[in-house]
Each structure stands twice: as C-alpha cells, then as structure tokens.
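Colleague: Each chain is listed here by its residues.
Number of protein chains: 2
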Amino acid sequence: MTTTPRTLRGFRDYLPETMIAKAAMLRSVATTFERFGFAPLQTPALEYAEILVGKYGDEGDKLLYRFEDLGGRAVALRYDLTVPLARVVAQYADLEQPFRRYQIGPVWRAEKPGPGRYREFMQCDVDICGTNDIVADAEILGAGAAVVLALGVDDFVIRVNNRKLLNGALATAGIDGDDVAKDVLRVVDKLPKIGEAKVRAELADKVGLDGDAIDAVFTLLARPPGGAEILDDVEPLLADHEEGRAGVTELRRLLELVTAMGHGDRVEIDLSIARGLDYYTGTIYETFLRGRESSGSVMSGGRYDGLIGIFRKQPIPAVGISLGIDRLFNTLLELGLVQVGRSTARALVAVFDDDGAPAAAAIAAELRAAGIATELYPAADRLKKQFKYADRKGVEAVVLAGPDEIRDGRVKVKWLATGEESVVDRAALPAVFGG
Amino acid sequence: MTTTPRTLRGFRDYLPETMIAKAAMLRSVATTFERFGFAPLQTPALEYAEILVGKYGDEGDKLLYRFEDLGGRAVALRYDLTVPLARVVAQYADLEQPFRRYQIGPVWRAEKPGPGRYREFMQCDVDICGTNDIVADAEILGAGAAVVLALGVDDFVIRVNNRKLLNGALATAGIDGDDVAKDVLRVVDKLPKIGEAKVRAELADKVGLDGDAIDAVFTLLARPPGGAEILDDVEPLLADHEEGRAGVTELRRLLELVTAMGHGDRVEIDLSIARGLDYYTGTIYETFLRGRESSGSVMSGGRYDGLIGIFRKQPIPAVGISLGIDRLFNTLLELGLVQVGRSTARALVAVFDDDGAPAAAAIAAELRAAGIATELYPAADRLKKQFKYADRKGVEAVVLAGPDEIRDGRVKVKWLATGEESVVDRAALPAVFGG
Numbered sequence: 001m002t003t004t005p006r007t008l009r010g011f012r013d014y015l016p017e018t019m020i021a022k023a024a025m026l027r028s029v030a031t032t033f034e035r036f037g038f039a040p041l042q043t044p045a046l047e048y049a050e051i052l053v054g055k056y057g058d059e060g061d062k063l064l065y066r067f068e069d070l071g072g073r074a075v076a077l078r079y080d081l082t083v084p085l086a087r088v089v090a091q092y093a094d095l096e097q098p099f100r101r102y103q104i105g106p107v108w109r110a111e112k113p114g115p116g117r118y119r120e121f122m123q124c125d126v127d128i129c130g131t132n133d134i135v136a137d138a139e140i141l142g143a144g145a146a147v148v149l150a151l152g153v154d155d156f157v158i159r160v161n162n163r164k165l166l167n168g169a170l171a172t173a174g175i176d177g178d179d180v181a182k183d184v185l186r187v188v189d190k191l192p193k194i195g196e197a198k199v200r201a202e203l204a205d206k207v208g209l210d211g212d213a214i215d216a217v218f219t220l221l222a223r224p225p226g227g228a229e230i231l232d233d234v235e236p237l238l239a240d241h242e243e244g245r246a247g248v249t250e251l252r253r254l255l256e257l258v259t260a261m262g263h264g265d266r267v268e269i270d271l272s273i274a275r276g277l278d279y280y281t282g283t284i285y286e287t288f289l290r291g292r293e294s295s296g297s298v299m300s301g302g303r304y305d306g307l308i309g310i311f312r313k314q315p316i317p318a319v320g321i322s323l324g325i326d327r328l329f330n331t332l333l334e335l336g337l338v339q340v341g342r343s344t345a346r347a348l349v350a351v352f353d354d355d356g357a358p359a360a361a362a363i364a365a366e367l368r369a370a371g372i373a374t375e376l377y378p379a380a381d382r383l384k385k386q387f388k389y390a391d392r393k394g395v396e397a398v399v400l401a402g403p404d405e406i407r408d409g410r411v412k413v414k415w416l417a418t419g420e421e422s423v424v425d426r427a428a429l430p431a432v433f434g435g
Numbered sequence: 001m002t003t004t005p006r007t008l009r010g011f012r013d014y015l016p017e018t019m020i021a022k023a024a025m026l027r028s029v030a031t032t033f034e035r036f037g038f039a040p041l042q043t044p045a046l047e048y049a050e051i052l053v054g055k056y057g058d059e060g061d062k063l064l065y066r067f068e069d070l071g072g073r074a075v076a077l078r079y080d081l082t083v084p085l086a087r088v089v090a091q092y093a094d095l096e097q098p099f100r101r102y103q104i105g106p107v108w109r110a111e112k113p114g115p116g117r118y119r120e121f122m123q124c125d126v127d128i129c130g131t132n133d134i135v136a137d138a139e140i141l142g143a144g145a146a147v148v149l150a151l152g153v154d155d156f157v158i159r160v161n162n163r164k165l166l167n168g169a170l171a172t173a174g175i176d177g178d179d180v181a182k183d184v185l186r187v188v189d190k191l192p193k194i195g196e197a198k199v200r201a202e203l204a205d206k207v208g209l210d211g212d213a214i215d216a217v218f219t220l221l222a223r224p225p226g227g228a229e230i231l232d233d234v235e236p237l238l239a240d241h242e243e244g245r246a247g248v249t250e251l252r253r254l255l256e257l258v259t260a261m262g263h264g265d266r267v268e269i270d271l272s273i274a275r276g277l278d279y280y281t282g283t284i285y286e287t288f289l290r291g292r293e294s295s296g297s298v299m300s301g302g303r304y305d306g307l308i309g310i311f312r313k314q315p316i317p318a319v320g321i322s323l324g325i326d327r328l329f330n331t332l333l334e335l336g337l338v339q340v341g342r343s344t345a346r347a348l349v350a351v352f353d354d355d356g357a358p359a360a361a362a363i364a365a366e367l368r369a370a371g372i373a374t375e376l377y378p379a380a381d382r383l384k385k386q387f388k389y390a391d392r393k394g395v396e397a398v399v400l401a402g403p404d405e406i407r408d409g410r411v412k413v414k415w416l417a418t419g420e421e422s423v424v425d426r427a428a429l430p431a432v433f434g435g
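Residue numbers (the numbering used here), protein chains in the order written: chain A, 1 to 435; chain B, 1 to 435.
Hints may be right or wrong, so weigh each one.
Stated by the list, open to error - In silico PhoX-like links for lysine-lysine, alpha-carbon gap of 25 Å or less:
#1 LYS182(B) / LYS62(B)
#2 LYS313(A) / LYS414(B)
#3 LYS388(A) / LYS412(A)
#4 LYS198(B) / LYS182(B)
#5 LYS62(B) / LYS385(A)
#6 LYS193(A) / LYS313(A)
Honestly, the hints are just simulated from the structure, not real lab data. It should be emphasised that the depicted structure is a prediction, and the values quoted were computed from it without experimental measurement.
Here chain A stands alone, though its shape is the one from the complex (with noise of 0.2 Å):
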C-alpha cells in the first residue's frame, strides 16, 4: 500500500529548474535591503490567533489557518509579516529607534486557489518603525524601488496615495462613519479590475451611496494617475478639511524625497488606490510592472502609525513595503526575464569506474576548492548514461579520469557546447575554467 504523493491543495512546490532562479532572486532582495541599511528579522511561522485576529478586516479574519496546538492554545499561522513586526517593536523595549528592519519569509492565507494563487507565499518586507516623518516613506520607497531594479525590471511604477487625503475626500463628498468609509475604499480600490461603471453599481447597491456622493467619490478619487498636479486640482476641494490637507502635504514631501533620490520618473499619485486592509493611515504604496498593471501590484504597502498601539499603551509610527516576490517572479517568467536552469555547477566529473572512483573524489575537490562550482557524478554508471546527464544538467564540461590518465596525473575534459575535448595536467584543470 503506497500512500499517493501530491502537494497539498492549494500550495506549491518549486523544482530546481525555477528554484535557482528564484533563490537568486531572494539573495538579490536582500544584498539590496542591507546595501539599504536594513537588517533582517525573523519571526515564528505561528503566533498567537490573539496576535493576528482582528488586524486584517473581517475578510482577512477568514482566510487565517487558525488551530489548536497540542497544548491547547489558539494558535494561526502568520497572515503577512507586518503583524508579528508590531508585535516585536512593542514586545522588545530595548529596540533601536527609529527600528529599521527586512524580513523575508513564507505568509499563509486560505484564499481560493487559483491560476498563480497559492495559499502559501514568499513575501519580503522593509519597514521603519518609531517615526511619522516623511523621510521613511521616502526612504521605503527608494529601498522598495531599488530591489525592483536589481533584479532586472526598470519598467515599472509605484503609485502611491494617502488615507488621510482619502478620509478628507471622504467627508467632504459627504460620507460619514468609519465603516461606510471603509466599505467605500474598498470598493475604489476595486477600481483597476473592475472598471468604473461596476464601482458606480456597487457603490450605490452594496454600500448605500446616492448619486450626488457617487460622482463626488468620482470627482475626488477616481482620477486616472498622474503628477503633483493631481494634488493642486484636489487640495481647493478640501478646503475645510484639516486631516485632508495634511495628506496633500504629506504626499507633496513625499515626491519631493523621492525626486531627489532620483525616483521622481517612477512615482506617480493615484487617488483611486486605497488596500484593502484596514491598518493603514497615511502613505499607501502599490507597484505595477507598465504593460502588466492586470497582473496587480507586485510591491505594497504603506503606513500604519495605529497598529503597534494594540499591542502597546504608546502607539508607535511605521511604514513599510512588502514585495510579493512569487507574483514578481512568476510575471517576470512570463515575460522571460528570468532564466531557468538545471544545475549549479560548471563541471561535472564523471565517474570512469568503481576503481576509479576515489580519484574522481579527489578531482571533484580539487576543483571545488579552487572555486568552480562542481557536481561529483555519484555513481560508477554507464558513461553514455552520465554524459546524458551532463547534457541534460547544461554543465559547461565533462571531466574524466580513466586509469591512464589517473596514473599519468592527466584528466580529460570535454567541453559540451563544441564537443571538443583536451587531456590536461591534473594540476592545471581548475585553470581551465578560469580559476
């Protein structure tokens, strides 16, 4: 009785061919997260449910992976990184601040599965906590731009909005009380996928607006995005709003700091971007690949000066970025900007015989300790089959000691490419492949 190997629903596996890419990918985000300045975090896979429930919207609630552990507590498994980050900036009294740090790692949510939607995702996050100055918005966005960049992909733009603006927005097109405000954005946000006319029906069916609010929501928020000059057409229409207006401040000193950074081209605003989760306060983050915005954001995030005051007497002011590097990783496949591959190594020795097998050892070392990345082939087969293997690993060479060479000090290498093939000095091979 064999039990039938399958990956759970819903989840993934990644093989080798797109796991080497997308581990170099990882690397890359966090070479250019440290170059930054931000030093990495790690958090448990489970918390306390208490942790975690509540901080997401009722939606979020839904899609926890909540159980009891053996001990009988409620536990869940992380819904994002922010949450256990405010959990840490309030539990360790002794943190820097300002407290600047990354944190790559795997978020579980219990979403519908779907083409490229999986229950289990990578995400890599970069936040400051411990203050409300622009500067770390600014300075979240140029670390959040810049891992985009290093890994390849110039073509793209982060939109960025403001719930204050939002909330200002709001009140003046007449819509009162926190949760119809809530009900509201989240509707907007809906905006880029759903399109205007179905934004207009579900915000007078499911949320109750009449037509006067509706056209003001329109009026104010769905704006396609643009420049500085979104914000001199809004600012008048807040007058009286002093919330409102100070997110019109903020979001100008934001595209200052980011225009001096040298972001200035790849930033626009978008009134109409609003998250879905309810922990946001200030700044709101989103990204899109140009050509692909259909695909969704691909790096997200914002401010969120309220969440470390749950866990805490004193809130604690914080923004952060998260980059979704599985959605990142599987458009730029798509749009072949990322190579994939079956082996690491440049070389492979094979093995000539059983007799000869100690020496390949002894070869495969030599090479590895001068730097070249080197597979020992390991077993005696047939060669055909191991410079099959070679062939379909894509090594660069074959290398290969019979009994001649091995008492001659000699090895043979072929090259896979040209086929061509040399007898060199034992102690010249590493040279070979430059090293």
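Given chain A, put chain B in place with the hints provided.
Modeller: Same frame as chain A, now just chain B:
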C-alpha cells in the same frame, strides 16, 4: 484594551543583532551547496497529514502539528525536509536522476521546550536520490563537511555508522524481530548522553534483553569511535551474516572515498550511533564539534533506500544529511565564533533639518549607487539623537550636510571610532568609503 505582545510558547524571534549573523551563515550554506552542484528545492510548510504520519516512528508522530484546514483536509506542518523530498521525487516522473537538491527552511516539532530547544527550527538539507552507490554517500559527507568548514569551524568530527552492520550485529547478539531491534538501537543511540550503566539498565528493563545479549551488544556496538580497525575487529564476529558484512564493506568504501576527498581525518567509525528515525537503511552520519559533544549532533543523516518507495511502487534509493543550523549557530555564539552586529550599513546619512532632507536623501542614494551600504536617518530629529543612534548601531561614519555644505556641494564626514571629522566634495564621498 491592548493585546499583550508575546511570542508563542516554544518559539523564538531572531532579532537583528543575532539574525544578521544567522542570515550570513544561511547564505554561506547555500553558496557551498551550490558549489557542489546541488540545486535548491522549495516545498510547502503544510502537507497532507497522510504524507507525514508514520514516517518518524510513534514518537515522531506525536510531535507533528496536525489540524484540519478550512476545506476539512487533514494537514500537518512538515517535521523535516526529507519526507517532503521523498514525496517530490515520487511525484514528479520527469526529475533528472540522480536527483540532487538542497533545501533550507523551517520545520516544526511540538517538543517539550527547553534551553536551546524550540518547536520551530531551520534545517539545511542536501540529498542525492536515485543511486545506491556509496560515491553518493561520500559526496553527501563531503558537502556537509565543506558547509561546516565554510562557516569557520574546523574542529569537528563526522561519525559514521551503517544500519546494515547494526542489523547484522543485533542478529549476531541474538536479538530477533524488527521491533526489538529498533528498541535496542534507540537505547544504544543514547550512549553518549546517558552512559553505559543507564544503557545497560534500559536494555534490561525496558527492552527485556538478558545479560548475554546485553554483553554482546556492548562487544559489537558500544565501542569508542575510531578508524577502520574497528571494522577489522567486528567483521569476523559477523561471520555468517550477509547484510552485516555488506555494511562493513560499505563503511570501508565510504572511508576510502572521503579520504580521497581530503576528509579522512575528520571521519570516524562509531558503531553506537543509530539515529532515532525509522527510515535509515545504510550509512548513518552524526557530526560533533570537538569538546562540545554534549551539545549533540549538529549535522546528521543517512541513507534511506526504502522511504521513497512508500510513495510509489518502485523504490528509489537515496542518501542525505541535514545541518541543524540553529543548534550550530547557538554553539558558535557561545564559543564566540560568531560576531553579532546591529547594523548592515557602513555609513549613516544624518538629516540636518526638514529643508536639508532632500539633499540627505540624494547623498544616501549616491553612496548606495556606489555600492556603499548606507542608512538614511529617517527623520529630521535632533542631531544629538541621530549621532547617538549611529553610535549604537555601530556604523563607521556619519555623513552630514547643513545649509552651507549643501550650497557648496560638500559634506561633513565624522568617523565614529576616532571622532575624526573632515569636509569633502560630495562627488568624492564614495571614494572616502573606498567605493
């Protein structure tokens, strides 16, 4: 009402000062595995429970985190990276064989928490599936040794044993039946931890062996570790047990191959190690830092030729080793072989005031573009606070531009170790850091 911020019992956070060092270790491990031609694999944290249950013995089953997902599926968090690998190899018919992969990721076991013992820990695994040739066992040992060496540790020993030899020795000692043999091995495995007297007592009381059988177990298995001479001693005692003799031959071959690789002086035969896990069938590895044997094995594994066959009709032989990076990391921390640090940046660009923030942002961007790891202080805080922060983070220098410097295209650089200060042209700033 605030929620108390606390880490789930049995779990831990890696704050930046330790995680900076651990992340560097993880990168070193991945780089070394790739130098050996292993490619990365990623499997989900969650598996169908039936994939995991029954693979780790009764004790292992009890430690699984099991629950029902929202779709009513019985699922479990992975307990190691080996069984998920076995699933993958059985599931994907088109994987190149021999299939060699590494995987780095957390695993979960509901162990009783204790000092240094957590319910989530990171494993770094390397395996070769598809051959029973001992060249593969040697290649795995070589990769493991190279990983530990690359982490700056050279005073360690890899102890090897062989399950076939153990089976032969048990049969020779008159111990029949799989269940009794497993119980004996489980007890003998504790020898370094609990000592001879307690092992004898457990073999008598818990397993029910008589005095002769216990003596035979000690003659055959419970010897101090050493070289090939142990095999010469034991081989005649196994005279007519074919499997046992095959185990001796395999161990001799393994020693020959790893000696050719240059690891002869790091490998010892230890007939007392058995590994707790049920699935090993041949070579067994354990790894100890010399002088820290009581901390337990930091890298363990072995050959498991039967495991993949649980998931498909035709078995596929396999061998692998797993580095317990958290245990090794903690030991290295205690030994002072790991440096902790609070920053990944060399320079901190301070913000003189609100007006000076765009210039500071631009200066940070210039340093980063030159490859200098740089923090932009994320707020126009008092300069005293910014310098104190820089001190605590341990950056090399603070870079500052006030209104005069900004006007003149210059910056101040203050080196924190010496207190030395100078003013340089902004364009020459990266060169000051060697960029």
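Colleague: Run every hint past the structure and note whether it holds.
Modeller: Against the structure, the hints come out as follows:
1. LYS182(B) / LYS62(B): holds, 18 Å
2. LYS313(A) / LYS414(B): violated, 37 Å
3. LYS388(A) / LYS412(A): holds, 17 Å
4. LYS198(B) / LYS182(B): Answer holds: LYS198(B) to LYS182(B) is near 18 Å, not above 25 Å.
5. LYS62(B) / LYS385(A): violated, 43 Å
6. LYS193(A) / LYS313(A): Since the Cα atoms of LYS193(A) and LYS313(A) sit roughly 39 Å apart, the hinted pair is violated (cutoff 25 Å).
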